[in-house]
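Chains as they are written, first to last, in my numbering: chain A, 443 to 702; chain B, 7 to 421.
By construction, these hints were calculated from the structure, which means they are not laboratory data. Check before you lean on any hint, since a few could be wrong.
Below 25 Å or equal to it, Euclidean Cα-Cα: the simulated DSS-like pairs (lysine-lysine) are [said to hold, decoys possible]:
(1) A:702 <-> B:299
(2) A:683 <-> B:129
(3) B:203 <-> B:129
(4) A:561 <-> A:539
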Amino acid sequence: MISRRSFCKKSLLIAGGLAIPLSCLELFDPKRLLAEKDQKGPRWVFLVDTRKCVGCGFCVKGCKVENEVPYDANVTRTWVERYVVTNDGKTHIDSPKGARDGFPNKGIDIGHGKLEEIKDDDIDKAFFVPKLCNQCDNPPCVQVCPVGATYQTADGVVLVDRSWCIGCGYCIMGCPYGVRFFHPVFHVAEKCNFCYHRITKGMQTACVDSCAFGARRVGNLRDPEDPVTKVIMTERVNVLKEEYGTKPQVFYLGLSKEVK
Amino acid sequence: MVHGEAWTIKEFFTYPNEYIYWTIQIVMYPFMTGLVAGAFVLSSLYHVFGVKQLKGIARFSLVFSFALLPVAMLPLLMHLQQPLRGIEVMMTPHFTSAIAAFGIVFSTYGMIVASELWFVFRKHFVETALALKRVEGRTALQQGQYVLFSVLTLGAWDVSHEALEADERAVKKLAAAGIPVACFLHGYAGFIFGSVKANALWMTPLMPVIFICSAVVSGIALCILTYILTMEIRKQLARRHRLAHPELPSMEELKSAEAHVVAMTSRYLLMFMVAAITLELLDLIFRGYTAVKSWDILRSVIYERDFVNIFVIQYGLGNLVPFVLFMIPGLTIRRAAVGTMLVLVGVFMMRWNVVIGGQAFSSSFSGFMHYVLPIWPDSMETLKEGFFGAMIVAVVPFCIFYVLNKVMPVFKETH
């Protein structure tokens with residue numbers, strides 16, 4: 443009969459022996475090596491011209507329809523914010539239903555279903571700012587995902603694997619831009635993915651296609667001839683919340699200091 | 007309805023996707039893990055540092071820590087949107103995530119406590135199994151017990167003096183190894199919050215240390231409280247059984263043992279309380295002094311919206327009052343019970359104020375969110391992440407402790 447000691451010894455030996463060839467297979471995965479070598483693909487970026495946005499909300503509608511985000515749910519992959527700066531230096535911001543229906547009221551939505559009326563004479567400046575996932579170069583959501591369900595592709599887009607996400611919400615907490623939410627139907631983390639299914643086929647994103655004013659554009663930063671790249675390289679563009687070190691890849695033209 | 011919408015009230019400008027996503031279950035999670043770590047540290051004070059006065063409570067807190075261990079995972083599981091995939095954290099951990107450390111630390115810690123318990127109770131297992139073996143014509147129950155205890159011996163039937171001394175040495179080593187792991191178990195729970203750079207309230211390197219200190223405080227407090235309660239039950243039982251079994255300890259013996267242990271343990275409780283409060287206040291003062299961009303909204307949450315929760319309940323009722331209660335000379339059992347209960351309330355509120363308070367303001371720094379705890383559930387979601395969900399988490403460890411105590415009697419002298 444096998445003794446306890448030799449049983450333990452032999453099982454350790456077998457387990458260790460099995461682990462070594464398995465790890466070798468992982469190390470020399472040729473597909474992965476090829477992917478790591480290939481650095482010539484695109485790097486998708488987004489350009490938002492805040493001077494052109496009129497707050498119609500067509501982009502929000504288009505996004506919801508394209509990406510199966512329930513139309514009436516109070517979450518959205520992209521939204522538009524309205525900023526009203528008054529003479530006294532105060533900033534009033536709102537985005538009712540993410541501006542899905544635009545801004546039907548002149549009053550500013552302050553929650554609890556209340557509106558704050560602002561007189562025209564008191565307004566110093568007012569503008570709209572579209573928001574979406576920044577597809578950061580250093581994405582905190584990818585860092586904190588405990589199972590690797592949120593990952594970054596070689597072309598810079600951050601995606602969520604709906605079949606793998608456990609729904610812990612850590613990525614939602616880790617995102618400083620508040621772009622993430624739980625999908626009401628699939629019950630997993632959800633976010634804008636630059637319409638990855640479209641851009642990888644040479645199409646525009648749904649929001650870019652829906653914008654009648656050219657306020658939104660998508661481009662490839664690794665292509666010097668791309669019109670979006672040219673703007674980013676030659677004009678004074680800005681990004682949101684740079685202080686978090688996330689290196690956002692959504693660039694803004696005409697960004698004002700009040701934008702949060 | 008979107009997840010979080012049922013219990014979130016928004017005010018002023020918040021981003022459209024912002025809701026209170028981490029609810030009472032995430033408050034329960036660090037609270038329960040804290041109790042596990044704290045109970046273990048208390049038992050180690052005797053096993054490693056040889057604080058003889060804590061002998062009475064050491065084994066009790068070790069078993070209690072083991073009973074609490076599976077419950078540390080329960081709130082996380084109840085909070086997941088995909089609970090069936092929860093096991094993936096253990097199977098496919100993504101090591102840049104603080105949560106991924108959970109699988110490793112949790113199982114290491116579990117194994118340490120389990121082996122320590124085995125060494126502590128091995129003699130009891132062997133003796134019980136041998137006693138049952140001698141019984142002629144065992145009933146089904148006795149047969150079951152016999153099999154259980156025989157398996158628990160793991161084939162080590164030697165209870166000679168030398169073997170028991172070897173056990174003692176093993177317990178000491180395991181307890182020593184367990185202290186850093188217990189601290190790490192709770193430290194990383196603090197790290198989960200402290201490393202979220204997107205949240206102005208959580209983002210501090212002090213968070214893991216604050217969590218460890220308050221964990222030890224809560225663990226010790228719960229052990230004292232449960233110890234008092236169990237001793238009280240034992241006293242009542244002793245009164246009833248003593249006529250039939252005169253060998254049982256008398257009421258007076260039990261009473262003096264209890265008073266002695268409680269007085270001694272509460273000194274350690276006070277020590278850790280001072281450390282915990284100092285760190286928390288340091289964090290608060292530091293934030294105010296440096297006053298970075300987020301301070302404006304943090305100040306309005308801390309000093310206005312959450313004033314009652316933070317200063318009245320957490321610091322006042324949960325820290326100051328029990329501190330005074332313990333400091334007044336001549337500590338009585340009743341006063342200790344009230345004190346420890348308040349300490350537990352204080353530590354729970356600390357967790358609440360961190361988890362819920364951290365989500366009380368928008369990342370836009372321009373709006374607020376208020377969490378309304380769902381009491382009566384109207385859906386699975388409000389059941390899991392509401393009052394009853396939290397109650398389930400709170401009650402389960404006591405049920406496990408009851409069962410464990412049948413197998414590993416904490417009050418029986420085994421060595």
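Evaluation of the provided hints:
1. A:702 <-> B:299: holds (12 Å)
2. A:683 <-> B:129: violated (62 Å)
3. B:203 <-> B:129: Cα-Cα ~51 Å, so violated.
4. A:561 <-> A:539: holds (23 Å)
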